[in-house]
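S.K.: Start from chain A and add chains B, C, D and E with the ligands according to the hints.
The residues making up each chain are set out below.
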Amino acid sequence: MMLKQIFPNVAHIWPQFVQGIWDTIYMTVWSSVIAGVLGLVVGIILVITQEGGIAEDSYVYGLTDKVVNLLRSIPFIILLAVMFPITNFIVHTTVGTTAALVPLVVGIFPFYARQVQNALLEIDPQVIEAARSMGSGNLEIIFRIYLREGLPDLIRASIVTVISLIGLTTMAGAIGSGGLGDVAISIGYARYQNDVTIAAMLVILLMVFLVQFLGDWLARKTVHL
Amino acid sequence: MMLKQIFPNVAHIWPQFVQGIWDTIYMTVWSSVIAGVLGLVVGIILVITQEGGIAEDSYVYGLTDKVVNLLRSIPFIILLAVMFPITNFIVHTTVGTTAALVPLVVGIFPFYARQVQNALLEIDPQVIEAARSMGSGNLEIIFRIYLREGLPDLIRASIVTVISLIGLTTMAGAIGSGGLGDVAISIGYARYQNDVTIAAMLVILLMVFLVQFLGDWLARKTVHL
Amino acid sequence: HSFTGNASTAKNATITIGSQGSDYDIWNHIADSKQAKKLGLKIKVKQITDGVQLNNATAQGSVDVNAFQSYSYLQAFNQQHKKNQLVALGTTYLEPLGIYSDKYKKISQIPNGATIAIANNPANTARGLLLLQSAGLIKLKKNFPALGNTNDIVSNPKHLKFKEIDDTTGPRVVHDLDAVLISNTVALEGHLNVLKDSIFHEKIDVSTRSNINILATAKKNKNNANYKKLVKLYHNATIQKYIKDKYDGTKVEVQKPLSYLK
Amino acid sequence: MTDLQNPIVDLHDVSVTFQSNGKPLHAVDKVNLQIKQGDIYGIIGYSGAGKSTLVRTINLLQKPTAGKVTVSGKDLLQLSSSELRKARKKIGMIFQHFNLLNSRTVLNNVEYPLLSQRISKVKRQAKAKHLLEVVGLAEFEHSYPEQLSGGQKQRVAIARALANDPDILVSDEATSALDPKTTDDILDLLKHLNETLGLTIVLITHEMQVIKSICHHVAVMDDGKIIERGEVAEVFSNPQQALTQNFVDSSANVTGALEQIKADPDLQDLAEGERILYLKFRNKATKESLISDLTELYQLKANILFANIERIQTTSIGYLIIILSGTPKRLADGINFLNRHGVRVQLLPGKKGADNDAEANIS
Amino acid sequence: MTDLQNPIVDLHDVSVTFQSNGKPLHAVDKVNLQIKQGDIYGIIGYSGAGKSTLVRTINLLQKPTAGKVTVSGKDLLQLSSSELRKARKKIGMIFQHFNLLNSRTVLNNVEYPLLSQRISKVKRQAKAKHLLEVVGLAEFEHSYPEQLSGGQKQRVAIARALANDPDILVSDEATSALDPKTTDDILDLLKHLNETLGLTIVLITHEMQVIKSICHHVAVMDDGKIIERGEVAEVFSNPQQALTQNFVDSSANVTGALEQIKADPDLQDLAEGERILYLKFRNKATKESLISDLTELYQLKANILFANIERIQTTSIGYLIIILSGTPKRLADGINFLNRHGVRVQLLPGKKGADNDAEANIS
Ligand SMILES: Nc1ncnc2c1ncn2[C@@H]1O[C@H](COP(=O)(O)OP(=O)(O)OP(=O)(O)O)[C@@H](O)[C@H]1O
Ligand SMILES: Nc1ncnc2c1ncn2[C@@H]1O[C@H](COP(=O)(O)OP(=O)(O)OP(=O)(O)O)[C@@H](O)[C@H]1O
Ligand SMILES: [Mg+2]
Ligand SMILES: [Mg+2]
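Residue numbers (the working numbering), protein chains in the order written: chain A, 1 to 225; chain B, 1 to 225; chain C, 1 to 262; chain D, 1 to 363; chain E, 1 to 363.
Just so you know, these hints were derived from the structure itself, not from any lab. Any given hint might turn out to be false.
[Said to hold, decoys possible] Label-pair ranges, simulated between beta-carbon atoms:
#1 A:L147 with B:L210: 27 to 35 Å
#2 E:T17 with D:D188: 32 to 40 Å
#3 D:N21 with A:Y59: 29 to 37 Å
#4 D:P265 with E:E272: 42 to 50 Å
#5 E:E272 with D:E195: 29 to 37 Å
#6 E:T17 with D:E195: 39 to 47 Å
Ideal Cβ placement from N, Cα and C applies to all residues, glycine included.
Looking at chain A on its own, in the form it has when it is part of the complex (with noise of 0.2 Å):
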């Protein structure tokens, strides 16, 4: 067999490898949800309240940007180690790939939410006015104009987003949730068996290429052009 040759090292660990990618997939596609809303919450929050925003509010602004930095300052090791309580609380475990979701989606929404923010600052205020002048009220605007109009935007945002979160979830490894970026360091880099390190780097860049590929293809199928 070909893996054998080329990949003795993996051919050898194949059924770690292969839990790796399935543990790799879990975390991303679980934090991608729950970070994506949350962090879609967040970002609309920040879009909104701030100057000049349709629910202008600069006590809210302050506060929730405040959270965000804060948030995002946080190494994400310690991170690990704040969420410990929280995590316990709410998945009832503190190691495994479920116990990294908590600090997966801690980790990466704030990011997220400033992404959006970034992507819906975009969007044209006149075009806001408009359907403010058609009587549209906070709620229709955030769904029918920012989720609407900012669609592409936002899709590239949560490109950059999960790619970023595909390679935070390397680093999760430290509470024991495994994944292929725990794979490629604590087997491929840790013991020098660079064939593991390397496959493993193909499968998450396999993984980024079809996020990005998607991503595009959504984004531009949503521009109509």
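M.R.: Frame of chain A; chains B, C, D and E with the ligands shown alone:
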């Protein structure tokens, strides 16, 4: 002295702590500058060569796009290792703050390139068309339109990137680069000196706020409204 | 994917062992071994690469037993976690920490002002400094703490400079620095044999007894019979032979009563 | 500035001040404007006069710096945000820059205002399609705004503004990007809606023809203020302000004609007994025949160089530039005759004439 | 479709086809257009006819799907990109949607085209300031586009298009957002540049008045094709296509007037011997006096209900709606007289009249 009471261990390692601050600033500033330039260049290449860009070139785009994704797929800790020979070649050492610059730059510039790409995509194609009608060449369009009209967005993208970079420097401790993140993790966290962790994170937080504040201020200033 | 590791005393319940690096491999081998089955132990091994997290998880119960740390590392943890104490179940082995250098063959050749890399993980930092002291390069404070660091050096006649690095990078930077202290787990993976390749390494004696590796569990499981069987299992002759062969005898078996550590 | 009973739009002392390069800029300056239900109210003025800013206060898209905005009896500034939204739904708005939703098809753009109403998708789309047919864009329903020409975009904006069956339509240069034929069609549509449904229309335009053909009232803005207002026929036939006069003249194209004639070398070379006269008149539905009378009564021959005579509602407004020829005595009599009939006569400088007012010349 | 010697703009069989919802849309369809140096060439047509798309091929902003674009003797499609840039600098363009640079002040926007030229900052700014004065925006030099009204933005775009001293100015509805006075000022400016510097101007407009007052030639587009073209006076006085006729009529406002008159109950009630006639004529610089002649020769009285007589270059074009009264015999003679003098006469339905052509009635 207050410091000694609230942060007893910080007082104990004060010179190291201060060094950590400087190291973080050193790494952040230099890798921001270098990765900034690199990311800007690559981001612009992505924008102008992509479909509908002013120098559309599917070959260059495809290649650049793939290299960016490739670099973004590599977990930072592995990047540190992969970069060893290159780091050694460029800065003649593989440990310490200066050595950390190489992987930091390689780790962050593809991210910044994407941010730049997303930011510049927002520029109204009609304005670019107007510039073309006035006989502006690609370089003029890049410098006089993209980098000018897109400035507020670029600044926002830069804020996100610098903050991510500060986060990344905390991982560079693995190659002895020190920095606040390393102080927080390998002294504060690993030695259970919570006050050190908290103190280090407070300083990081301060830096993040400073970056965000300055960035927001600049972005607002450059919008002119 | 979630495994509620309520430390169960019931027979045949799966024991979750948290580990990392070569210990992870060893325990994987043990888990699959006939010997384990004979003792009626179902073992599941989980790799958790961050020591603090692994101890936290053990204290909290997500992991039943962990196998990665030295006794001094455990003590340091306990010092900070008065509520969630860990206890040692038994000793396993001692891995000598070594001083490696590409440039020099002997300690005495290390020049003035040389740069030496030591681990940035606290147990190994302290341990490294102690080793440097026994090599005669530096002198440490009298009551050098379990998690002491370079601030505790009282005399440094050669004006050595220290770089704290992630110990896993040790073998990769050895050619770049004057000397690097590398723990054996890492050295092994970097194809370095502490007994042959290092220019100086730890001996097993009273001064290094706190560096002996142990199996640890949450305090409430101190007397769990099943867990205790793990110690016995580790020292099973067949298993020891496997370890010895695989690691060229660098994981020196230590089978001492817990009282020896104190 | 009539005090209307229950105007549907009532702007009271409305001001809007912008900060422009540090200096305050009074875009709208203490404007009072009452528009009654069913009116078609035109607003004209120089570029930058504050027209757009003013009409944007009607639905509070532009919050006035000072003043009171009452629409359909409600003080908009006192409304809760949900009440304001409800009020806005009844004020359709066509923007100077269209402001279409780029991510939606033409059809979806027109459907947008209906989304928040409890009507079925089928009905909603039927209505939107109907409106698109009315503005002549039925075949473009699945196109996106980027694929449309300027005029097509503007028509989508018009259809969208009408989708909600508004009580008031505010239109900011809604026909400026349209060709004359399409403009006529749109104006007919608006007139029809006004007549059948009582739609009140406030429209900004630079095309005097639009004012003349569909507006009942007109206001002239300058520098943030309304400097003149009234019934269209009244204002156009008897402008009080120089600016208004200017607009009225330009709408009759008389300004260009005067220049052209003054510059024409042929006309500098008049025969003895020839005069170039510029005549301006307005009559209530004129049944007179001035030129014929001049010929019949004074044996004067009139060669019409330029004429613009049109009726605005029941008033005839005329601008004529003629060469009148006859004996000097008869010329004077003819001019006197014209003066008696309310025609303002101005003598234009031909080779033989002086640049004087003919009135003054003979009285 | 005259074959010109060395036209400055020469579009040969130019087509532009878009994909719109999967179907090909021929926005420009095999158009040939030659414009000579120093010409002012107007383009009119319905919304969506392809006007913008056509003029955008002149500087290759829109690459034609097929055909050849020659400007100042150079085949633009064959130029290297740096040559094309140079060529573009000599083609100023005013966009339908202004396309200003939002991050730059008004002054900087106008300076933009000069940035790539080797002139000092002082000179550059002086030139830009001068242009801003010319378009009446001197006081706004430090404002940003967002702070301007629609018409002000358009004027910035005009100033910017002129900054490079172009040989050709392409203007896409450059005055549509401007009030009549400002429009006149801008047109005067363009005319002046045309006369003094020989600037060739291609302009799209929906305002027939603009065509009449400054254009030398005009082309009428429909559905991607030029369906009629020629000298303005020629086309306006003798339109060959129904569409052109339609535009010309609307420009004389005669369409509205006819409707108004047909709808007026007063005019339905004509006395014996009264006829409502719709007269159309064009003469080479008319020195005739038709109305006076009718009165003098046939004792007919003419009451002018509507008149639009204007001169385009050397041709007088007239539309008149009159009530002519006299004895039946004289009426017939008078109408014959008008016919003989090249006036097309149409009898409008009054109460007593039939809807027939008066010509047919009597011949
Ligand atoms: N990018 C595009 N994609 C698809 N169709 C387009 C595109 N641009 C223009 N069209 C179509 O081409 C036709 C001509 O458009 P163009 O903008 O040239 O019209 P126009 O004569 O300038 O009209 P207007 O007077 O309304 O500005 C229109 O039917 C329009 O819908
Ligand atoms: N956001 C703003 N900030 C500063 N000044 C502004 C702003 N909006 C408008 N102005 C100024 O207010 C004045 C009135 O603008 P407005 O748009 O109401 O003019 P307008 O009458 O609609 O002109 P146009 O016919 O050109 O559209 C202008 O001088 C303009 O420069
Ligand atoms: Mg306006
Ligand atoms: Mg157009």
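S.K.: Decide, hint by hint, whether the structure agrees.
M.R.: So, going through the hints one by one against the coordinates:
| no. | hint | result |
| --- | --- | --- |
| 1 | A:L147 with B:L210: 27 to 35 Å | holds (32 Å) |
| 2 | E:T17 with D:D188: 32 to 40 Å | holds (33 Å) |
| 3 | D:N21 with A:Y59: 29 to 37 Å | holds (31 Å) |
| 4 | D:P265 with E:E272: 42 to 50 Å | holds (47 Å) |
| 5 | E:E272 with D:E195: 29 to 37 Å | holds (35 Å) |
| 6 | E:T17 with D:E195: 39 to 47 Å | holds (42 Å) |
Consistency with the previously given hints is maintained throughout, with no hint failing.
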